[in-house]
Amino acid sequence: MIGMFGAAVAGLLVCMVMTLTRAILGPTVFDRVLAVNSFGTKTVLLIALYGFLSGRPDFLDLALVYALMNFIGTIAVMKYTRFGDLAGMEDEGSEESF
Amino acid sequence: MTVLDVLSWVFLVAGAVVVIIGGIGLLRLPDFYTRMHAGGVIDTLGAWLIILGMMLQAGLSLVTAKLVILLVFLVMTSPLSTHALAKAALLRGLEPLEGRELERRGDDD
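As they're listed, the protein sequences go chains A and B.
Those letters in the first sequence? Residues 1 to 98, by this note's numbering.
Those letters in the second sequence? Residues 99 to 207, by this note's numbering.
By construction, these hints were calculated from the structure, which means they are not laboratory data.
Beta carbons are placed, not taken as given, at the ideal position from N, Cα and C, and that holds for glycine.
Where hints are given, some of them may not hold.
Stated by the list, open to error - FRET-style restraints, in silico, Cβ to Cβ: (1) A/Tyr80 x B/Val108: 18 to 26 Å; (2) B/Gly191 x A/Gly3: 22 to 30 Å; (3) B/His181 x A/Asp61: 26 to 34 Å; (4) A/Met69 x B/Lys185: 17 to 25 Å.
Looking at chain A on its own, in the form it has when it is part of the complex (with noise of 0.2 Å):
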């Protein structure tokens, strides 16, 4: 007998099977960060469904920190793609094929 959080997290899991073939396939460089990206949220509904299907709800700390994280990665990654550079925006970036 699987309770609730175990169909949560056994839906999760097929979802980020599916995503991750996505980052892995994507013909460009966006979606493979759009694929992580979305892996992130999906990983951060995990560590929260995975505390309560333990029965130790004290894993949402890692949740919001994995939350934060996910967001600035791919905010660095964006201007990176974009700039070429983490540092400055006077840099127009490169038109190199993606």
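Assemble chain B onto chain A, guided by the hints.
Only chain B this time, still in chain A's reference frame:
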């Protein structure tokens, strides 16, 4: 099984279904901008339903407060990162598919 448990079941299973739908869309839609819609479904409705289901199980406690913080954070950051992503792709010259091309790519993908 109380009313709260039943509601939790409904929210969590609905959230899982929405997340799976988003995953299928992320995998099968034809180009980057359409895939973004699938990503949006996961980040909004999927996450909200699952967190709502967990809130109903936690009751009024510190855990619910943390879940609220998590929800607020997701609500604020996911449009931001989606916007940054779309803007970066558009500025980098990634063209959205239109018309016949969209249908053709949608068929054989």
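So, going through the hints one by one against the coordinates:
1. About 42 Å separates the C-beta atoms of A/Tyr80 and B/Val108, a value inconsistent with the hinted range of 18 to 26 Å.
2. A hinted range of 22 to 30 Å is violated for the C-beta pair B/Gly191 and A/Gly3, which are about 49 Å apart.
3. The hinted range of 26 to 34 Å is satisfied by B/His181 and A/Asp61, whose Cβ atoms lie roughly 28 Å apart.
4. Restraint check, A/Met69 to B/Lys185: a C-beta distance of roughly 22 Å satisfies the suggested window 17 to 25 Å.
The earlier numbered hints that this structure contradicts are 1, 2.
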